[in-house]
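Once you've looked at the hints, dock chain B against the given chain A.
Protein sequences appear in the order of chains A and B.
Quick note on numbering: this note's numbering labels position 290 of the first sequence as 290, and the sequence is numbered without any gaps.
If you count the second sequence from 1, you need to add 314 to reach this note's numbering.
Quick caveat, the hints were computed from the structure, so don't treat them as lab data.
Some hints could be false.
[Claimed, not checked] When the alpha-carbon atoms are kept at most 20 Å apart in a straight line, the in silico SDA-like pairs for lysine to any residue are as follows: (1) 449/B x 205/A; (2) 449/B x 346/B; (3) 449/B x 206/A; (4) 449/B x 382/B; (5) 449/B x 376/B; (6) 449/B x 202/A; (7) 449/B x 200/A; (8) 449/B x 349/B; (9) 449/B x 388/B; (10) 449/B x 375/B; (11) 449/B x 196/A; (12) 449/B x 52/A; (13) 449/B x 199/A; (14) 449/B x 459/B; (15) 449/B x 437/B; (16) 449/B x 369/B; (17) 449/B x 409/B; (18) 449/B x 383/B; (19) 449/B x 365/B; (20) 449/B x 210/A; (21) 449/B x 201/A; (22) 449/B x 438/B; (23) 449/B x 381/B; (24) 449/B x 204/A; (25) 449/B x 208/A; (26) 449/B x 367/B; (27) 449/B x 198/A.
[What the hints assert, rightly or not] Computed from the model, here is a short list of chain B residues facing chain A with C-beta under 10 Å: (28) 337; (29) 359; (30) 387; (31) 403.
Cβ coordinates follow ideal geometry from the N, Cα and C atoms, glycine included.
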Amino acid sequence: MWRTAPAARLATLRILVGTYTVAFMLARSASFWQSADLPAWQTEGVGVLWFLDMPWSPTLVHLLFVGTVALGVLFTAGVGFRVIGPAFALVFLVMSTYRLSFGHVIHTEHLVALHLLAIGFSRSADEWSFDSRRRQEVPQDHVRYGIPIRAMILATVITYVLAGIAKVRHGGMDWLVGDVLRNQVAYDNLRKELLGSPHSPLGGWTVRFAWLFPPAAVLTTFVEIGALVALTRSRRARWIWAISAWGFHVVVLALMAISFPYPLSFVAYACLFDVEQGAERVIQAARRRTGRTSDSKSDRLSAATSGGIPPING
Amino acid sequence: MTPNVDDRRVSRWVARLVGLGIVAVIGVVPVALDRDSYPLSTYPMFSSRRTAVEPVHTAVVTAADGAVRRLSPTQISGNDEVIIAAQLVYDAIRRDGGEVLCADIAVRLSDVETGSEVEIVTERYDAIDWYEGRKSPISRVVHTSCRVSGDGS
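Same shape as in the complex, but just chain A (with noise of 0.2 Å):
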């Protein structure tokens, strides 16, 4: 956990992490907004609020949304980040949960919660934020940075863990070798067409052939007990894992035509690598496309970030 990063690297996952559930929120504001009106014997509050047993007025609902979009973007700018970032960490978490608050709990919003937690409760603004537009001054790479990122990744690493562990757990070697699989894969889509939900044709096509799901199985467990070498610091290792991670949950959303938006956008992965340098580069990119010349400070932060000259009081 002790480990040092650069401010920027935890600035560029707080622009990542908040413009995603920014665009979650908005992409999926039907089902937010449609929870105000989610009958009432079926309250049955989880997680922060586990007292819930009746639903709250309409109209708070929607203020919350609202509200919680409107802290997002705050969030992502990097604007009172002291108050805003826990905030908002905290808000989305409530807002969430009570969406999950009526007798399901769906597992998309997980790791971002985790996530956004990590961000909101550290010094993410101190780069590439409204709050640091005046200083000239690139911070010092320091464990204030590293820290929240290192927590990012072992949550990232647990939630897999947990899920790869759950298989062989509740399904034991059946999950791994025998039907279970494809019995999943089958019911999931026969229940999506029984209640009227787009499913998918892939999936149902591929329940024909058996011999295709033991291996699928055992990979699908190898890639999530794998997570594990996330912890370790090759990135090649990260690379791979990441990617397998990734188009593991390609084939979920082909084949079950259930989407985790959020490692499938990549955002999840992000804290696994130096993704300021990625960021410095777009915004090279984009001064060479306008024409407009570097200003000093971004010019130090570059070189810092690259391990060129040493950042100002270094």
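Okay, now just chain B, sitting in the frame of chain A:
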């Protein structure tokens, strides 16, 4: 300014404690409690010993000529998440045989399905057979039905 050795030692210990705390809270506690929640979870999705023949709880509309039409998750639950709709029907059947839910759906459909009947059903299919072209249900239980009146009642 370089942090002194004591500061570095303290911060290393703090970092280790943070790491252990994360492992304990996100990794150990949910498994020890065996509880799927949010944002802490055991991530049990797709891990159950699913068989090919499982019940599907749903709601359908039967027209006057007997034709059965499937309803969307939004028409069933007011929300577009299919899992929430499925859970809602299951809970409704356990709660009161689906009577309240049936009436709710009938109200939602009153503009478009006047004269039809809403049925809350549990259907059993062999999911593998379904995709091999054999689509007859193994069993079909109608828990309750109610008429879509068209006057919003």
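Against which earlier hints does the structure fall short, listed by number upward?
Checked against the structure, the hints that fail are numbers 2, 8, 9, 12, 14, 17, while the rest are satisfied.
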